[in-house]
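A.B. asks: Chain by chain, the residues:
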Amino acid sequence: MAGVFGVTINVLMALGVAGGVGLWIDRGGRRSQVRRILASVAGVVLGGLTLWGIYASDKLETTAQGVVVSIVASALIFIVANRLFDLAPDRWAVFTTLVGGSITLIVFVLMWGNRIFDQPVLRTVVAICIGAVAGYLLGTICQPLARIGIGALAGAALGLVAASGIRTVILQFQVEQRTFDVWPMLPNLNIGELILSTLIGAVLGVAVWALRGRKGSPIAPLIWGATLGYAVGAWLMPRIGTGTKTDAYIAAIGLGLGLGAAIGLTSIPDHVTRGRIEGSARAFIFLIPALGFIAATLIIPTLRTLFLSFYDARGEGYVGFENYTTVFGIPNIFNVEDWTGIFGSRLFWVGAVLLVVGVVMAVVVGRQSGYAISFSPGSGALASIGAVFAIFAVFAALRGTLFNNLWWVFTVTVVSATAGLAIAVLADRSKGESVAKSLIFMPMAISFVGAGVIWRFMYLARDPSKPQTGVLNSLWVGLGNLSLSRGPGFWIAVVLVLGLAAWLAGLAMRAWQAGERGIGAGSAICALPLVWFAYALWQGIGGYKVLENGQTVASTITFTQESPFNNVWLMLVLIWIQTGFTMVIFSAAIKAVPAELIEAARVDGATESQAFWRVTIPQIAPTIGVVVTTLIVLVMKVFDIVKVMTNGNFGTQVVANEMWQRAFTELNFGLGSALAVLLFLAVLPIIYMNIRRMQKAAQ
Amino acid sequence: MTTLSRSAGPGLGHRTYAFLRSIPTWVLWFLVLLWTIPTFGLLVNSFRTRDAQRTSGWWETPFQGVANNLTLDNYIDILAAGSQGHLWRALLNSLAIALPATVIPIAFAAFAAYAFAWIDFKGREWLFIATVSLLAIPAQMSLIPLLQLYSGGGHITLPFVEKTLTLFPDLDLAGRAVSVWLTHTGFAMPFAIFLLHNYISGLPKDIFESAVIDGADHFKIFWRLVIPLSVPVLAAFAIFQFLWTYNDYLIAVTMLGGAGQNFPATARIAALAGEFGQAEHLLTAGAFLSTLLPIIVFFALQRFFVTGILAGSVKG
Chain A
19 MAGVFGVTIN VLMALGVAGG VGLWIDRGGR RSQVRRILAS VAGVVLGGLT LWGIYASDKL
79 ETTAQGVVVS IVASALIFIV ANRLFDLAPD RWAVFTTLVG GSITLIVFVL MWGNRIFDQP
139 VLRTVVAICI GAVAGYLLGT ICQPLARIGI GALAGAALGL VAASGIRTVI LQFQVEQRTF
199 DVWPMLPNLN IGELILSTLI GAVLGVAVWA LRGRKGSPIA PLIWGATLGY AVGAWLMPRI
259 GTGTKTDAYI AAIGLGLGLG AAIGLTSIPD HVTRGRIEGS ARAFIFLIPA LGFIAATLII
319 PTLRTLFLSF YDARGEGYVG FENYTTVFGI PNIFNVEDWT GIFGSRLFWV GAVLLVVGVV
379 MAVVVGRQSG YAISFSPGSG ALASIGAVFA IFAVFAALRG TLFNNLWWVF TVTVVSATAG
439 LAIAVLADRS KGESVAKSLI FMPMAISFVG AGVIWRFMYL ARDPSKPQTG VLNSLWVGLG
499 NLSLSRGPGF WIAVVLVLGL AAWLAGLAMR AWQAGERGIG AGSAICALPL VWFAYALWQG
559 IGGYKVLENG QTVASTITFT QESPFNNVWL MLVLIWIQTG FTMVIFSAAI KAVPAELIEA
619 ARVDGATESQ AFWRVTIPQI APTIGVVVTT LIVLVMKVFD IVKVMTNGNF GTQVVANEMW
679 QRAFTELNFG LGSALAVLLF LAVLPIIYMN IRRMQKAAQ
Chain B
523 MTTLSRSAGP GLGHRTYAFL RSIPTWVLWF LVLLWTIPTF GLLVNSFRTR DAQRTSGWWE
583 TPFQGVANNL TLDNYIDILA AGSQGHLWRA LLNSLAIALP ATVIPIAFAA FAAYAFAWID
643 FKGREWLFIA TVSLLAIPAQ MSLIPLLQLY SGGGHITLPF VEKTLTLFPD LDLAGRAVSV
703 WLTHTGFAMP FAIFLLHNYI SGLPKDIFES AVIDGADHFK IFWRLVIPLS VPVLAAFAIF
763 QFLWTYNDYL IAVTMLGGAG QNFPATARIA ALAGEFGQAE HLLTAGAFLS TLLPIIVFFA
823 LQRFFVTGIL AGSVKG
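Chains as they are written, first to last, in our numbering: chain A, 19 to 717; chain B, 523 to 838.
The hints are simulated quantities; they were obtained by calculation from the structure and are not laboratory data. Here the structure is a predicted model, which is why all the values come from computation and not from measurement. A hint or two may mislead.
What the hints assert, rightly or not - Some chain A residues well away from chain B (every beta-carbon gap over 12 Å; in silico):
hint, residue
1, Leu214
2, Phe304
3, Ala314
4, Tyr553
5, Ala674
As the list claims (entries may be wrong) - Simulated coverage check for chain B against chain A, where a stretch passes if three residues somewhere in it have a Cβ under 8 Å from a Cβ of chain A:
hint, segment
6, 567-573
7, 593-601
8, 731-741
Unchecked claim - Cross-link-like lysine-lysine pairs, in silico, DSS-like; alpha carbons within 30 Å at most:
hint, chain 1, residue 1, chain 2, residue 2
9, A, Lys263, B, Lys644
10, A, Lys609, B, Lys727
11, A, Lys233, A, Lys449
12, B, Lys727, B, Lys742
13, A, Lys233, B, Lys644
14, A, Lys714, B, Lys644
15, A, Lys609, A, Lys714
16, B, Lys727, B, Lys644
Every residue, glycine too, gets a C-beta built ideally from N, C-alpha and C.
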C-alpha cells in the first residue's frame with residue numbers, strides 16, 4: 019500500500035488506536051498523574067508508528083500494518099478465548115459447539131499451512147461445520163450409545179473430508195534460490211503393520227489404565243490406545259508419501275472414527291467439573307502467550323544451540339566435540355603459554371605484598387578487638403588493591419578471549435560493586451545527595467554504544483608533537499611536560515605535593531598520639547602515594563620519556579591498543595555505566611538498615627567504621643549477593659563496548675564478540691554455538707543460585 | 523554517613539575535625555565530576571567545528587572565541603537525509619523498534635504475572651521459578667537459532683519418517699523490525715513476569731475475595747482491578763524496557779543484519795564509529811543525539827526507573 023492511500027491508512031490507523039488507547043487509559047475521569055503519563059506514552063507510541071509508516075519504505079510500512087493487525091488479532095483471540103471459557107459453567111452446549119468448531123479449524127489450518135491440501139477453503143469450512151455440529155450434539159445428548167455413535171460418525175466424516183483433499187502430486191517451491199519439495203502426505207498402508215500397531219496401542223492403553231490404579235472402565239483407555247496405535251501405524255511409517263488415495267481414506271477415516279468414539283465415550287460433565295475446566299483453562303490462557311514467547315525465544319533456541327554446537331559450520335554434519343576442542347586450540351581464544359610470566363611481573367609482587375600487609379594489619383587490629391580478622395578502611399583498601407593488582411598480573415600473563423572475559427567479570431564486578439557501595443555511603447545524608455546520585459546514575463541511560471563513543475573521545479591519542487585532544491592523554495602529556503621542564507611549575511608542584519604529604523604525616527602522628535588510630539593510619543596511607551608521586555615526578559613521569567643518551571622522546575598512551583592493559587581501559591567504560599546501578603541499589607539497602615541497630619552498636623562503643631563493617635554490611639549482605647550475581651551475568655556477555663571500541667583487536671576480544679564474529683561474519687554456526695554454550699555454562703551456577711534463592715523466598 | 527561524628531577529640535583541634543568531616547563530601551563531588559566529564563566533553567565537542575575538534579581539546583573552547591569554533595553544522599549534517607549519517611531515519615527506526623518492543627511484552631507479562639500470583643493451578647510455584655530462572659540465560663544462546671527461524675521458518679523433521687513439518691512459516695522476518703520486537707518480547711518475559719509478579723502478588727487479598735463474591739471472574743478481576751492497581755509497576759517496567767530496547771545494539775544488529783536502512787541509532791552510530799573516516803567529527807553530534815531521548819526519559823521518570831530496578835533486585 020504505497021502513496022497517499024497508504025499514508026492515510028497509517029495516520030488513521032495510528033490516530034484511531036492512539037485515541038482509543040488514550041481514552042481507555044484515562045477513562046472514568048479519575049485523573050492521576052501516572053494515568054496521564056501512560057496515556058501520553060501510548061499516544062507517543064502510536065504517533066511513532068505513524069511517523070515511521072510515513073517516513074519508511076513500503077516494506078516497513080506493510081510490516082507495521084501487519085504488526086498492528088497481528089496485535090489486534092492476538093488481543094481478539096485472547097479475549098475470545100476468555101469469553102469462550104466464561105460459557106463453560108452455565109452454557110455447556112454453546113461452549114462445546116464453539117470448541118468443536120475451533121479445534122477443527124486449528125487442525126485444518128495446520129494441515130493447510132503445511133501444504134497438505136489441494137483446495138483448502140471449502141474443505142475447511144465444511145469441516146468446521148461438522149465439528150461444530152458434533153460439538154453441539156455431544157454437549158446436549160446424554161445417552162451413552164448415541165454419544166459414541168455421534169462422535170464416531172463425526173470423526174469419520176472429518177477424516178473423509180481431510181483425506182479427499184490430500185494432494186497427490188509433489189509440490190515444488192523456492193525460497194532464496196533453494197528449491198523445496200513437498201511430498202504428498204499419502205500413507206502407504208501395510209495391513210499387518212497397521213493391525214500390529216493398533217494392538218500394541220490398545221495393550222499400552224490398558225496397561226496405563228492398570229498402572230494408574232484401575233479407575234473407571236478400561237474401555238476408554240483401550241480405545242484411546244488403539245486409536246493412537248492406529249495413527250502411528252498409518253501415518254508415521256517411513257513409507258509415507260508413496261501410497262494411494264484409497265490408503266489415505268482408510269487411514270484418515272479410521273483415525274477420525276477412533277478419536278470421535280473416544281470423545282463420545284465421555285459423559286457430559288456436571289457443574290463442578292465444568293467450573294474446574296474453566297479454572298484450569300483460564301490459567302492456561304493467561305500463561306500461554308508469555309510461555310509461548312519464552313519457549314520460542316529462549317528454551318527451544320537454547321536447545322538448538324546446544325545441538326548445533328556438535329555440528330559443523332553449516333549445521334549439517336555431526337562433528338562431536340570438535341568445536342569445543344577447536345575453541346581451546348586457538349591461541350587467540352585460549353593461551354596459557356606465558357603463565358610463568360605471572361611470577362616475573364612486578365605488578366604481581368607489589369600486589370602480593372600489599373595483600374599480605376593489609377591482611378596482617380587486619381589480623382593485628384582484629385586481635386585487639388577480639389575478632390579473628392577485622393578490616394578497617396585502610397587495611398581493607400590495601401588488601402583489596404593488592405588482590406586486584408595480583409589478579410591483574412595473572413590475567414596479563416594468561417591471554418586470550420576466555421581469560422579476557424574472566425578478567426572483565428572480575429574487574430567490573432568488584433570495582434563497580436565497591437565503588438557503588440562507597441558512593442552510596444558517601445552520599446548518604448550528605449548535602450545534594452539526590453543531585454549527586456542522579457549524575458552518577460545517568461550513564462545507565464546511555465547505550466553501551468554511546469558510552470563507547472564517549473570514552474573513545476576520552477582516550478584519543480594524537481601525534482605526541484601536537485596538542486592532545488583527549489582528556490586523559492592531555493593530562494598525561496601535561497604531566498610529562500611538567501616533569502621534564504624543571505621550571506617554576508615543576509618546583510611548585512613538587513613542593514605542594516611534599517608539603518601535603520608532610521602535613522598528612524604530621525596529622526597521622528598527632529592522631530596516633532591522640533588515640534585516633536583510624537585517622538592516623540588513614541593519613542599515613544594517603545601520605546605514602548604522595549611521596550611516591552613526588553619521587554616519580556622527579557624521575558620523570560607522564561607522556562615524555564628520556565632515553566639513555568639524554569634525548570627526549572614524546573609518548574602518549576594509546577589506551578585502546580596497548581595490550582594487555584587496554585582491556586582495563588575498556589572495562590572502565592562498563593564500570594562507569596554500572597556503578598550508578600549498584601549505587602542506587604546499595605543506597606536503598608543502606609537506608610533500609612534500621613537506625614536503631616547502628617545506634618545500639620554506637621552506644622556499645624563501636625566506632626563508625628566498626629558499626630559499618632559489623633552491622634551495616636551484614637544487614638545488606640543479601641543485596642550484595644543480588645548485585646554481584648546481576649553484574650556477573652551482565653558482564654559475562656559484554657559485547658557492545660568491545661565491538662565499538664576495538665572490535666576485539668589488540669588482544670581485547672571477549673566471548674560474546676568472538677561468538678558473534680564466528681557465527682555471523684564467518685558463518686560458522688558450529689563454532690559460534692560452542693562459544694555461546696561456554697557462556698551458558700558459565701552462568702549456569704548463577705541460575706542455580708537464583709533458583710535456590712527463590713525457593714527459599716517462596717517458603 | 524559522616525565518618526567522624528565526634529565533635530572534638532583529645533589532641534586534634536576543632537578545625538581539623540571539621541576539615542576531616544568534610545572530606546567525604548569533597549570526595550563525593552570529585553567523583554561526581556569525574557563521572558560527568560566524559561558526557562560533558564562529548565556535548566561540548568559536538569558543537570565544535572571539525573577543525574576545532576581535530577586540533578584542540580574541548581576544554582579549550584572558552585579561550586578560542588565562540589564565533590569561529592561553535593557551530594550547529596554537525597547536528598544539521600548528521601540529521602540531514604543523504605549525508606553519511608542518516609541519523610534522522612535511524613532515530614525513527616529506534617523508536618519504531620523500542621516502542622512496540624516495550625508495549626507488547628507488558629500485556630503478555632501482566633497476564634502471566636497475574637496467573638502466577640492469583641490463579642491456583644498445579645505446579646504453579648515450580649513453573650514460576652523455572653520461568654524466572656531463565657533471566658540469566660545469555661542472549662547469545664538464542665541468536666543463531668532465532669535468526670534461522672526468522673529467515674527460514676521453523677521446521678521439525680519427524681524421526682524415522684524423514685518428513686519435515688513446518689511449525690512456523692518462513693515469513694522473511696530477518697532484516698525487519700518485527701524480528702527485533704519478537705526477540706525483545708521473548709527476552710524481556712522472565713524479568714517482566716518477575717517484576718510484575720512481585721508487585722501483583724503483594725496486592726491485598728481482600729479485594730480479590732470481595733470481587734469474587736461480587737461474581738467477577740478472573741478476566742474481569744484482571745482488567746478492572748489488577749491493571750489499574752498495578753500502573754506504577756507497569757510504568758516502571760515500561761521505562762526499564764524502553765531504555766533497554768532503545769539502547770540495544772546486539773539484537774538489532776544481529777536480526778537486521780545487512781538491512782542498514784532499518785538500523786536503529788545505536789547500530790548506525792556503531793557503524794559510523796567503525797569507519798574512522800572524514801565523518802568522525804559528526805560522531806560527537808550523532809552520539810549525543812542518540813542518547814538525548816533516553817537521558818530525557820531517564821531524568822523525567824527517574825523515580826519509576828529506580829522503583830523498577832529496586833523491585834527487580836532487592837526484593838528478590
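A.B. asks: It remains to establish, for every hint, whether it holds in the given structure.
C.D. replies: Now the hints, each set against the structure:
1. Leu214: For A/Leu214, whose nearest Cβ neighbour in chain B is about 16 Å away, the distance exceeds 12 Å, so it holds.
2. Phe304: violated, 4 Å
3. Ala314: Its Cβ does come within 12 Å of chain B, the nearest being 6 Å, so this is violated.
4. Tyr553: holds, 24 Å
5. Ala674: The claim breaks: A/Ala674 does not keep its Cβ more than 12 Å from every Cβ of chain B (closest is about 6 Å).
6. 567-573: violated (count 1)
7. 593-601: violated (count 0)
8. 731-741: Holds, because 3 residues of the segment 731-741 of chain B bring their Cβ atoms closer than 8 Å to Cβ atoms of chain A.
9. A/Lys263 x B/Lys644: Roughly 45 Å separates the two Cα atoms, so the pair is violated.
10. A/Lys609 x B/Lys727: holds, 29 Å
11. A/Lys233 x A/Lys449: Given pair A/Lys233, A/Lys449 is violated - Cα atoms ~74 Å apart, limit 30 Å.
12. B/Lys727 x B/Lys742: Holds, at roughly 16 Å.
13. A/Lys233 x B/Lys644: Judged against 30 Å, a Cα distance of about 21 Å means the pair holds.
14. A/Lys714 x B/Lys644: Given that 30 Å is the threshold and the Cα spacing comes to 20 Å, the pair holds.
15. A/Lys609 x A/Lys714: Given pair A/Lys609, A/Lys714 holds - Cα atoms ~24 Å apart, limit 30 Å.
16. B/Lys727 x B/Lys644: holds, 20 Å
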